[in-house]
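K.L.:
In order, the protein sequence lines correspond to chains A and B.
Mind the numbering: the first sequence is residues 1 to 370 in the working numbering, read in order.
Mind the numbering: the second sequence is residues 1 to 355 in the working numbering, read in order.
Possibly wrong hints are sitting among the right ones.
As the list claims (entries may be wrong) - Simulated restraints, written as ranges between beta carbons of each label pair:
no., chain 1, residue 1, chain 2, residue 2, range
1, B, T78, A, T178, 47 to 57 angstroms
2, A, T243, B, T78, 54 to 64 angstroms
3, A, T243, B, G121, 28 to 38 angstroms
4, A, K256, B, S305, 37 to 47 angstroms
To be verified - Listed next, the stretches of chain A that the computed footprint assigns to chain B, with coverage defined by at least 3 CB atoms under 8 angstroms from CB atoms of chain B:
no., stretch
5, 80-89
6, 141-147
7, 176-190
8, 209-220
9, 224-232
Just so you know, the hints here were simulated from the structure itself, not pulled from any lab data.
Cβ atoms here follow ideal geometry from the backbone N, Cα and C, with glycine treated the same way.
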Amino acid sequence: MKNSRTGRFAAVTLIGALALAGCASTSGGSGAPTSSVSPTGPDYSSLTGTITAGGSSAQGAAEDAWVAAFKALAPGVTVNYDKSQGSGGGQTNFVAGTYDFAGSDAPLSAANIAKAASGPCGTGGAINIPVYLDGESIAYNLPGVTKLNLTTSTIAKIFSLKIKDWSDPAITKDNGGTALPAGPITVVARSDASGTTFNFTSFLYGADPTDWPYPGDTAFPVKGNVSLQQGSSGVANAVGAGTGTIGYIDHSAIGKLTTATVNGVSFSADAVGKSLSTGGVPTPNGASGDLSLKFDYSKMTGADVYPIPLLSYAIICNTFKDPAQAKLTKAYLGFVTSATGQAVAAKNVGSAPLPASTLQQAASSLANVK
Amino acid sequence: MSDSKIVDTAARSSTASAKSAPLEGRRARRRASTLSTGDRVFLGFTTGSALLIMLILAGVAIFLIVKALPAIVADWPTDPELHAGPTLAFGNFWAYVAPLLWGTLWVSAIAIVIATPVAIGIALFISHYSPRRLAGILGSLVDLLAAVPSVVFGLWGIIVIRPFLRPLGDFLNHYLGWIPIFAGQPSSTGSTILAGSVVLAVMILPIITSISREVFLQTPRLNEEAALALGATQWEMIRVAVFPYARSGMVSAILLGLGRALGETMAIALIISPSIVFSVRILTEGGNSQTIAANIALNFPIATSLQRDALIGTGLLLFVVSFGVNILARYILGATGPGAASRRARREKKAALSA
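The task is simple: from the sequences and hints, build the whole structure.
P.N.:
This is the structure in structure tokens:
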């Protein structure tokens with residue numbers, strides 16, 4: 001018993017290591033082919049310099065993959081992305097002028113928009129560019145149950161502790177009338193304040209405000225018999241080690257856990273991409289070329305839409321103080337928002353490539369950055 | 001034979017000359033006249049280092065106070081930054097920090113209760129029971145334990161200790177659940193204060209062990225042999241000769257261990273499923289008190305600036321508490337520990353000489 005748990009954790013760690021190794025080999029292997037296969041792609045090899053960035057840890061693994069892949073195309077460029085900062089720290093450092101771009105799971109806040117305009121960005125303002133799309137998975141561990149479907153309202157009731165047993169009629173109904181083995185449900189959530197929790201609680205509040213009356217927040221709001229764990233890996237480990245557990249995890253961090261389908265839809269790049277096209281409402285912040293989105297979860301009800309997307313942005317100034325830095329940062333983010341960049345992230349961390357329309361918008365926004 | 005005689009004469013002659021001129025005065029004259037550049041530089045360096053440590057401490061204290069003030073004076077329920085996220089449910093700074101302070105003391109106290117008997121046992125074994133060679137090996141093994149990074153202890157806690165303690169937790173909850181600390185719904189993932197405290201106990205074991213061992217080894221040989229000569233067994237000898245002599249040293253060892261436990265961060269943050277509440281429960285998922293250090297580690301990364309100030313404020317309180325505990329420990333060790341009596345006697349003699 002103990003061995004199998006250890007094995008599972010080791011597996012999670014191993015997958016992480018493989019992903020890293022994979023990214024290294026991708027960068028080494030794809031460097032030359034990329035330039036030969038797509039001769040129309042920009043040539044980065046003459047660039048030199050250092051890009052300083054940081055923020056969201058959700059896009060951290062993808063940044064690692066992008067940095068390694070970009071290094072192969074542009075050997076003269078060093079990109080330092082500090083994912084220990086979190087989205088909040090990324091925004092703070094960005095408006096203080098220490099970052100060329102910030103990674104953030106939420107668009108630049110109203111207070112920070114003003115600070116950016118009066119600080120590093122000037123009147124051109126700062127813009128948010130989507131770079132990373134993933135989803136959040138509902139992972140569970142219920143021995144003998146390999147298939148589980150949950151509707152949004154059942155998820156809201158489980159996570160607000162209104163449904164406490166796996167044999168609850170609501171769960172039975174979601175699974176076509178087949179009752180699950182009875183047993184208490186243990187909800188696993190994040191103990192650290194996180195963008196993942198903000199995203200998940202926003203989804204529940206947007207999709208079912210009656211069963212989930214708590215607005216989106218970085219801290220898990222429900223008190224009671226909830227197991228709180230540090231980080232996505234902590235949640236994944238606790239879900240795997242416990243019995244009757246259920247938790248929300250960034251899709252890229254689920255490891256070998258089994259996940260539930262939400263409203264009958266399982267996670268896939270397509271299904272998450274659809275959530276962006278059906279439920280993503282543009283909320284421009286005033287700066288020209290800004291691509292901020294707000295999710296309208298009530299629209300993500302289609303039979304092919306996975307309704308818990310996780311979108312992460314790169315935040316940059318429209319006008320850099322140093323044109324050379326602008327050129328470098330544009331080149332790197334241009335690579336990130338290219339089809340190749342999105343494929344690198346999809347391959348290495350299992351994220352969903354952004355839809356082509358979003359990538360086009362990103363390219364035209366980046367073109368105006370000076 | 002003749003050599004020792006010469007030495008003896010030399011010693012006698014120096015004593016004779018010392019008698020003619022007062023020793024203290026001569027030393028002072030020498031210090032003033034022969035202070036070379038090297039000496040002066042080194043004196044400056046050591047004095048500077050000593051002053052620096054005080055400046056650093058004062059600097060940390062001032063930083064904590066200045067940064068914490070905005071959060072302490074803020075109106076929490078109406079402030080948009082504080083009325084969100086981890087600080088949402090609290091009316092003011094003190095309502096936020098009080099349960100955290102309780103949790104810090106509570107988790108540390110349980111760790112101390114678990115660690116102390118074991119640590120004293122190890123120290124006694126090393127100092128009084130084991131063969132000399134084994135004692136050396138054992139001593140360095142315990143010291144090695146102190147070198148393990150706390151995040152490693154945290155991972156060990158998650159992977160090994162949590163599942164290992166779950167059956168014990170269920171047992172205690174089932175049969176002794178009427179005792180408040182074992183009450184509540186038992187955890188199904190093992191993220192309990194019990195698991196956290198066990199790991200914490202292992203982490204503070206080296207401190208308590210090595211200080212206690214030193215204190216035990218300083219017990220005067222004469223006292224021990226006298227006890228044995230009176231017919232005491234080994235255990236009786238330890239009880240009547242070693243423990244009374246080492247009592248204050250043990251107390252301060254425990255307090256220094258407590259100081260270490262109070263500030264422990266990563267292991268607690270990884271293992272315990274925390275709630276900011278006043279609770280004595282140690283077997284539940286949702287009723288575990290949270291510690292200050294772990295709370296800072298969990299919430300600092302994406303906190304807004306006022307939330308950061310609030311977290312720094314909790315750090316200020318932790319600073320004050322650990323500072324107090326450490327001073328108390330040093331004071332007890334210095335005032336009543338082994339050698340204190342002879343040190344006091346020496347001081348008094350010196351005072352009498354200079355008077």
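K.L.:
Measuring from beta carbon to beta carbon, are K256 of chain A and S305 of chain B in 37 to 47 angstroms?
P.N.:
holds (40 angstroms)
K.L.:
How does the coverage statement for the stretch 141-147 of chain A fare against chain B, requiring three or more residues with Cβ below 8 angstroms from a Cβ of that chain?
P.N.:
With 0 residues in contact (Cβ-Cβ under 8 angstroms with chain B), the coverage given for the stretch 141-147 of chain A is violated.
K.L.:
Counting residues of the stretch 176-190 of chain A with a beta carbon closer than 8 angstroms to any beta carbon of chain B, are there 3 or more?
P.N.:
Three-residue rule met by the stretch 176-190 of chain A, so holds; n is 3.
K.L.:
Cut-off 8 angstroms, C-beta pairs, minimum 3 residues; does the coverage of the stretch 80-89 of chain A by chain B stand?
P.N.:
Holds, because 6 residues of the stretch 80-89 of chain A bring their Cβ atoms closer than 8 angstroms to Cβ atoms of chain B.
K.L.:
Do T243 of chain A and G121 of chain B keep their Cβ atoms within the hinted range of 28 to 38 angstroms?
P.N.:
With Cβ atoms ~36 angstroms apart, the hint holds.
K.L.:
Counting residues of the stretch 224-232 of chain A whose CB is closer than 8 angstroms to a CB in chain B, do you get three or more?
P.N.:
This one holds; 7 residues, not fewer than the three required, reach chain B with a Cβ under 8 angstroms.
K.L.:
Confirm or reject the claim that T78 of chain B and T178 of chain A have a C-beta distance inside 47 to 57 angstroms.
P.N.:
Once the Cβ atoms are compared, 50 angstroms apart, the range 47 to 57 angstroms for T178 of chain A and T78 of chain B holds.
K.L.:
Do at least three Cβ atoms from the stretch 209-220 of chain A come closer than 8 angstroms to Cβ atoms of chain B?
P.N.:
Our answer is that it holds, as 3 residues pass the Cβ test (under 8 angstroms) against chain B, meeting three.
K.L.:
Given a hint of 54 to 64 angstroms, does the C-beta separation of T243 of chain A and T78 of chain B actually sit inside it?
P.N.:
violated (44 angstroms)
The structure fails to meet hints 2 and 6 from the earlier list, while all remaining hints are met.
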